[in-house]
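Student: Chains as they are written, first to last, in my numbering: chain A, 1 to 384; chain B, 385 to 871; chain C, 872 to 1233.
Just so you know, the hints here were simulated from the structure itself, not pulled from any lab data. Be aware that a few hints might be false.
[Claimed, not checked] According to the in silico footprint, chain A covers these stretches of chain C (three or more CB under 8 Å from chain A): (1) 977-991; (2) 1056-1069.
[As the list claims (entries may be wrong)] So these bits of chain A aren't anywhere near chain B, every CB distance computed over 10 Å: (3) 25; (4) 170; (5) 192; (6) 218.
All residues carry an ideal CB built from backbone N, CA and C; glycine is no exception.
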Amino acid sequence: MSGPAKSTFADRLLGRVRLRGPVVLVAPILAIVFAGLITSIVLLITGDPPLDTLLLMVEYGTRPRSIVLTLNSATYYYLSALAVAIGFRMNLFNIGVDGQYRLAALVAAAVGGAVTLPAPLHVALIIFVAMVVGAGWASIAGLLKVRRGVSEVISTIMLNAIATALGAWLLNKDRFAVEVSGSNNIGTKPIGASGQVPGLELIPGTTSKVFGLIILAIAMGILYHVLINKTRFGFDLRATGRSESAAVASGVNVKRMVLIAMMLSGAMAGLVGMPQLLGASYSYSLDFPTGLGFIGIAIALLGRNNPVGIAFGALLWAFLDTSSNILQLHEISPDIVQIMQGTIVLSVIVAYELVHRYQISAGQRRVSRQLASATPTQAEGASA
Amino acid sequence: MANRDVSLSVWQGHVHAIVGENGAGKSTLMKILYGMQRPDEGEIRVNGTAVTFRTPGDAIAAGIGMVHQHFMLADNLTVLENVVLGSEPRKGGVALDFGAARKKIIQISDSYGLGLDPDVTVEDLGVGARQRVEILKVLYRGARILILDEPTAVLVPHEVEELFANLRELVREGLTIIFISHKLDEVLSVADAITVIRRGTTVASVVPKDVTARQLAELMVGSELPSPETRESTVTDVVAVSVRGLSVQSPEGRSIVDGVDFDIRKGEVLGIAGVEGNGQAELVEAVMGMRVAGGEIRLGEHDISAWPTLRRREAGIGYIPEDRHRQGLLLEAPLWENRILGHQTRRPNVRGFWIDRAGARKDTQRIVEEYDVRTPGIDVDASALSGGNQQKLIIGREMSGDPVFLIASHPTRGVDVGAQAAIWDHLRAARAAGLAVLLISADLDELIGLSDTLKVLLRGRIVADVDPRNVTPEQLGSAMTGAGEAA
Amino acid sequence: MLQNRFGKLAAAALAGSMLMGAAACGGSEEPATSATAAAPSDGASSAAPAAAGAKVGLAYDIGGRGDQSFNDAAAAGLDKAKSELGLAETKELEAGNGETEAAKEERLRLLADGGYNPIIAIGFAYSGSLKKVAAEFPDIKFAIVDDADATGPNISNLLFAEHEGSFLVGAAAALKSKKGHVGFIGGVQVPLINKFEAGFAAGAKAVKADIKIESKYLSQPPDFTGFADPAKGKTAAEGMFDAGADVVYQAAGGSGSGVFEAAKAANGLAIGVDSDQAKTAAADLQGVIMTSMLKKVDVAVFDFLKSFADNTVKAGTTSYDLKAGGVDYSTTGGQVDDIKAKLDEFKQKIISGEITVPDKTS
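Chain A on its own, in the form it takes in the complex (with noise of 0.2 Å):
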């Protein structure tokens, strides 16, 4: 009765099961091979060259400028997906990032552009708002959950449409908004000079500036790796994604670890918005960017929840939409790229399981090949 894969489907699209060796590179690789393949094979049907289109992406996407959109693109994704992450690794699955952001970077917005503060301070201040709001719109699922046992899926899903709703509400110039004279758009106030977060000049041959908050999204990956790895807490977090039975039994608080991841993933969502506001528009308006939660998702499948991993899907997701800016021009339809990211990450899924698959048979048959040569002498010993 030894036991074979007892992982779920589930959990090895979550990533919650370890994958190792060099067939982990090997998977991703050949998933984003074939999603070239497809997306050629679609362009040969919409009448468009398929190679040349894609030199075109490739030779626009690597100009400066259009590797600073990359990275600046890639932070907010990175957060975005860390945030959605950390709920996956516990069997979490916070659809609300998206809601959680919104809202976060709204009322921080406000908050910001209502104070003036030391440089330094002010930036921390309005941050440290975002988290905060983030982490308790969070909680209302997370409690949910614990107190009523509402599915996370479901709770967060609304808790979206709410935050819309309740962003729109406070949008408005009774509340949170000013106008801009002359203009259709409505928006908080903007945030003074020392709210704001200058932009670095990574990239020679442009005057573009990356996201000062680009440091804020590798200094999260770390703690998020550090957290989730080297921590007691971290242990507790993946021992319950791994096996929530299991993880009662040897003492952990679910429902605490519940609320608690929920809060964390929250406040990482509040952090999506921050870049953007405090980097590049200083003011939450009509125009602020939408559905980076949802991205999130995809990209945390795609980095399969592992902070390294998690950067490169993030680099990529942005490089395409980035290098897809260049299509119109040429008469080609845009959504080409969104049919090469969804195609990237089902083909990155079905890579994964394959490779689990050939995985988990190679290592038992490497156990017992191993007991067989070596044990023995020891058999002998352990039984007499």
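Starting from the structure of chain A, add chains B and C where the hints point.
Tutor: Using the frame of chain A, we list chains B and C on its own:
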């Protein structure tokens, strides 16, 4: 390779038992026979024809069916729906023809004496009946050769008898049964032929009347065997654990555990006998603080009734859970991480807020050596180990950190003879070291052999105190079913 | 390639001037690549190779060409200019849902880099990005519709008095309503659409002070699906007709077709928006559209392109109000012919200043 040079000839109309330690290669052999794994070499012949199985579907087509140890049934579907699931009868191409299926199920059930009603939902069935549904499932798909993987592991004695009666019925009708087990008494009573596997190869083929259980076990292990008897008493006067009026209720308000009292002294093993489902699991979970319970639990001088699980563990309760896959291990985590589980607040696993990777790994290595966990290393996933070795790892873990009270729930369930002996040794050692041990088991020999005191649990109540020194398994068995007072 | 060439020069000032160099460089390369790409799409570019012909870049808001509304109106202006002014080449790009300002900026910059001049941005969402890009390309003329916030020496702001036009259709609705009960459906609750509602309500009340006016917005920002969800529009309109309204005015972009369907099913009347929808809507729905509030984005776009061709581009605000003929009501189908006199009377009063139409709901 898990199997080398396995040769096995099974006669039609036989119950052919395959016995061997866990990790001996029984499961691999069965997977090959059922098409879940492909052999690197060799061939399989069914009725004289060489066959190649790429998938279980091929095996089913060749008339081979598998009844897994862990049931693969959907609880909220009826027997009928479970049986037809995956091979739904079609009427005119699309519509499901349940009428024909029902007829066929009733016919199979009647002709082999399975006694199943096709319209009962599986969740309303007992363990024995569920197993018969599994058997019905493979018969329905036309199997003439049935592989049963440790079918008695989950059954109580009278259910085992019923199963054996069913098996004899099937054999009489010309079916062939391959029966995997390590419960040697059962094997001897039901099998027509026995093949012994050790370390991946067949070491003997015997006929039951020629061997005793002990000889068979020695063939399996390849050496002489210990027995579960504890020798001299180590019981002291110091009460280590005291439980008064422990009660657990189901969410519907039904009493599952009802006013249970007991004391366990240092160096004493208290055995709890009972047919499964009489509150043993809930009793254990209540003592562990995993379940809301009334009553008082004292550990030494502390009243721990209100403590959370973690604090109880920290106070020195070791816990060998009944379902090691669900409660004892993180199957997809390496052994050293499993070492931390349940001990994630204590050295050498952690240093304050941080996981002490080096310390945990070093101590895992110690457990692997001291408890003879057979593994190529501490970085393999727990799922790669055989059941016995998983259990040894758990015992080693629970015995570290100076426990004063050990709860052993079915410690040798699904474990091979060699590991069973080792586990008994460890339990005896724990007792000798002055631990109080609470032993829950369905194996009556184990209970009688290891316990200093025995209590019988029936419908959540302690209904009898039994002296293990002068009780037979039969007497204990009848006390468990409430049939009469034990001696 | 550019990166290699300029890789070592990182100073900001230098980079700034380089960018211009890069733009010029891109400009000189552009015709070769884009000519091949554009050629199959339409033959217009080859029709007017005159040196005077402009390369026009147009950046649409979400929906793009084919939204049967706002963006389409702009496209109509462009098409008219193409045939009448002989444009050398046109390039139309459209926004994606939920995109960042950086993406909009990049879109405009790509057009500027590609040598397109003038460049027209459709919709207030381009405000911030246009301001930035226009500053980087002082030699290129930019225009933006519906926004006065982005200002600069090379930016023309094309604004509309939607409230004035809405006043007229509000009056028409009140005159045509038999039950004294009319409805307004806005796509997304943003200040711009509020202007439509305010004008509509004022117009209806000017005819009948105690008229019952129902208002509903299909979505709240940042959810902009209200401009592109006919099902939502239909549901909302059905609710209004069920509640007793018999004329419903929609300012909901692509969702408007749902409103027309509901009007048809309820034997009610609907009022279109932006374009003359009695002409552009599906044939079986045209009958329910008694009039449309015309927001002549096509006129504004055409005028701007014409002024560019004549070299008379005026930076700053151009106001397209009733007086300037930027907004109006349509008479297609003849359903408002009987009340035309009254409507034109209101029109004159607004033009003369006798009536001031509020641009905000109170």
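Student: Please go over all the hints and tell whether each is borne out by the structure.
Tutor: Evaluation of the provided hints:
{"no.": "1", "hint": "977-991", "result": "holds (count 6)"}
{"no.": "2", "hint": "1056-1069", "result": "holds (count 4)"}
{"no.": "3", "hint": "25", "result": "holds, 19 Å"}
{"no.": "4", "hint": "170", "result": "holds, 38 Å"}
{"no.": "5", "hint": "192", "result": "holds, 38 Å"}
{"no.": "6", "hint": "218", "result": "holds, 22 Å"}
Checked against the numbered hints given earlier, the structure satisfies every one of them.
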